[in-house]
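Please work from the sequences and hints to get the whole structure.
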Amino acid sequence: MFNLARIRGGIHPAGHKDRSAALPIGTLALPPRLYLPLRQHAGAEAMPLVKVGDRVLKGQLIASSPSEMSAPIHAPSSGTVVEIGPVLAPHPSGLMVNGIVLECDGEDRWIELEAPANPFDESPLLLAERVAQAGIVGMGGAIFPAAVKLKQGTRHEIKTVLVNGSECEPYLTCDDRIMRERAEAIVDGARLIQHILRAYRVVIGIEDNKPEALAAMRAASEPYGAIEVEAVPALYPMGSAKQLIQAVTGREVPAEARSTSVGALVHNVGTVYAIQQALRYGRPLISRVVSVAGSCVGNPRNLEVLIGTPAQALFDACGGFSQEPAGLLLGGPMMGVNLPSLQAPVIKGATGLLALARHELRDDQASPCIRCASCVDACPMGLLPLEMAARARVDDLDGANDYGLRDCILCGCCSYVCPSHIPLVQYFQYAMGQQDERRQGARKTDYIKQLTEARAERLAQEEVAKAAAKAAKAAAKARPTTAAAASEVES
Amino acid sequence: MEYLLFLIGTVLVNNVVLVRFLGLCPFMGVSSKLDPSIGMGVATTLVMTLGGISSWLLEHYVLLPLNIGFLRILAYIVVIAAMVQFIEMVIRKVSPPLYRALGIYLPLITTNCAVLGVPLISVREGHSLVQAGLFGFGSALGFTLIMVIFAGLRERLALANVPAAFSGPPIAFVTAGLLALAFMGFGGLI
Amino acid sequence: MLMATLALATLGLILGGGLGVAARKFAVTDENPLIKEIEALMPGSQCGQCGFPGCSAAASALVEGSAEVTCCPPGGVGLAEKLAALLGVTLDAGQMSAPLLARIDAAQCTGCTRCYRACPTDAIVGANGQIHSVLANACTGCGKCLAACPEDCIAMAVQQPTLDTWRWAKPQAA
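Protein chains in written order, with the working numbering: chain A, 1 to 491; chain B, 1001 to 1190; chain C, 2001 to 2174.
No lab work stands behind these hints, which were simulated from the structure alone.
Among the hints, erroneous ones may be present.
To be verified - Just the calculated beta-carbon pair ranges, DEER-fashion: (1) C:L2034 with A:V394: 20 to 28 angstroms; (2) A:R19 with B:I1171: 19 to 27 angstroms; (3) B:A1165 with A:R19: 24 to 32 angstroms; (4) C:R2024 with B:M1028: 34 to 42 angstroms; (5) A:R371 with C:D2105: 53 to 61 angstroms; (6) A:K477 with C:D2105: 42 to 50 angstroms; (7) A:E463 with C:S2056: 18 to 26 angstroms.
Nothing here was measured: the structure is a model prediction, and the numbers come from that model.
C-beta atoms are modelled at their ideal positions from N, C-alpha and C, and glycine is treated no differently.
Written out as structure tokens, the structure is:
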């Protein structure tokens, strides 16, 4: 398929990828302490299985998932649990979350890994379960539990599995480097996913600004007919699942629907690599490749780091700051969030750590909307950002929904192109947050209503039971007297 | 054809709100959202048409024969108020959904000066029964049209970045003035 | 003069009589359906934080206009908005106070079970002699446990933000 379907809108931000893409993936010295938030994924918080003072081995399960929409956490290195309590979350709120602090003993001793048999002989459901146990989540930043996606194969017909190597965010090169250096493993992982989902076709989509990665992946997938490597045009947000599906399969995911509705599923290359490691070698997800970049970083490069490593250690390993950064970001510059502190740890969904200078950050001085409709042209979802933002600004959430707020992917193209520097995507984040709050409130109201009704029913039952007991008691009391009376008569 | 021209004349050229300046209270009060303004318009249309006819009957069969034309305003108010009450009761019984939609607006209409003003003008102009009914209906149609246009404008206005000193009623009045100017353009239509 | 008085009086009598007859004929028996609709929206825990004896009393007060749409803290902004839309009033969301939740000081709790028997939503769990604790997702902040606690070890506090309740702020720009 050479004539790829064009996606709507999109922008061409400057890549800034050359510096970090040039160097091979480096490793980091073992940090003294690892900070592991119990929630590094979408869904419920994991439950700790260890106590303070416990000695754990690398790869040991230390927190299990309470439900399917969650992910367990494994010890990234061997050492001692020194604290179970609040740790700083790598989240713009700067809030503390429950987590486990692990003091490394420096031995980095692996737990005995179960060497699985040939995964192609196993049933898909079992393999998906193994992925779940390995704690793998979407590593492109979505942090959605990967196993949940793999289990979609039983519910929907998945025709195409897309391996997302487009990496459209500027500065980030971690996927690029993984594809160059670990192409064989990714292709193997892609075949495993195809086996699990029983998909007909696997397409590895890579933006055409990464010729080395394209060549490496093409070479690695050569022996397997079902795997295609497709060069997609370099355009932000090509890495978004819905856009990649449209570009590769030509099918547009309908409004307010999921990828599965067009028979496609997208996995990031990092996730595919993690899945391959889990299924082939039984290795849980305890490390990931992170791009450390931005003009304030001395030597930008990619590092393979243990989950829980503080951000400071990564910047130090890359030559520290060449100048005082004006902004620290977790993730890419388009969709990334402010890093609250250098002490915040790397989590499973951390694609990059950026230290940006003032000129790389957006100008916050907003002017009135001039209705130029640049944002409409840029919106990859075909929405009207200016109308949605106008409604979000006056808290007209229903009005914003009518203009398709639910379909907004928060890619930030609108804010990027706005000549008035209106923080459009920030308005959408605000509006979505408010909507979540309403939903949570409604859910709580319903729950309280249920509880109240249940309680009323229970109290009524207790009342009935009490009355019955009273009656029984009264009857019991009455009986001896009649018996006595009877005996009196007898005598 | 004559009646059509008559209708256009009442709806556009001599618009009850923007040219005669009657019914300004609901025009400013109930026009911040589109849905209520449509409800108000429909309710007013119902009342004004019937009011036009009933006041013509009252005029020609009660007031003029008895020679008590000076009681016109008083008598009209009584008749229209009673009629609104009656309509409200009937709607409530017959069609609860319509009652819910119009419910709050019906009592408001009782005190609406347009509802009283239109029959008074109609008498002054010496309309026939058909003309009186048509005049009531046309005026109400004009009222509804203005309500809908103005509510639409105000919905857009709510999104606009209005300077603090102008936000709320001031900017609404400015808009109303501009709208009135626009309607002056219909002046030479017939 | 006499003519005018008579005519108007007759007119009044006829119309009044007609309305009277109509009122009988078109009498609607059920109460305002709006009250029922509003009551269905309310949490129904009869917590009394609105100042009315229960949710149905609050619903009638809302319809009559003697209660604010923001009167129900457990319902939150979502409920206030729905009420405002139903009643056709404008909502000043700034008036909403953040919901308070009960918190038990574990050091002082003797496990007397009085608080959880008082709780209208079963939001307090515990057993005799065990320290009780409050389920945040079921607590309405009604304060009934506060009155029931003999040790004064329950306090009402604004819920600390978590990653689930943290929201992006509205951009300050124009």
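Does the hinted range 24 to 32 angstroms hold for A1165 of chain B and R19 of chain A at CB? Given a distance of about 52 angstroms, which is not inside 24 to 32 angstroms, the answer is violated.
Against the range 20 to 28 angstroms, how does the distance between the Cβ atoms of L2034 of chain C and V394 of chain A compare: consistent or not? Given about 27 angstroms between the Cβ atoms, the range holds.
Note whether the CB distance of R371 of chain A and D2105 of chain C lies within 53 to 61 angstroms or breaks it. The hint (53 to 61 angstroms, Cβ to Cβ) holds, given that R371 of chain A and D2105 of chain C are roughly 57 angstroms apart.
Is the gap between the beta carbons of E463 of chain A and S2056 of chain C within 18 to 26 angstroms? At roughly 21 angstroms between Cβ atoms, S2056 of chain C and E463 of chain A fall inside 18 to 26 angstroms, so the hint holds.
Using the beta carbons of R19 of chain A and I1171 of chain B, state whether their distance is inside 19 to 27 angstroms or not. At roughly 52 angstroms between Cβ atoms, I1171 of chain B and R19 of chain A fall outside 19 to 27 angstroms, so the hint is violated.
Satisfaction of the hinted span 42 to 50 angstroms by the C-beta atoms belonging to K477 of chain A and D2105 of chain C: Holds, at about 45 angstroms.
If you check the beta carbons of R2024 of chain C and M1028 of chain B, does the distance land in 34 to 42 angstroms? 38 angstroms, holds
Going down the numbered hints, you'll see the structure goes against 2 and 3, while the others check out.
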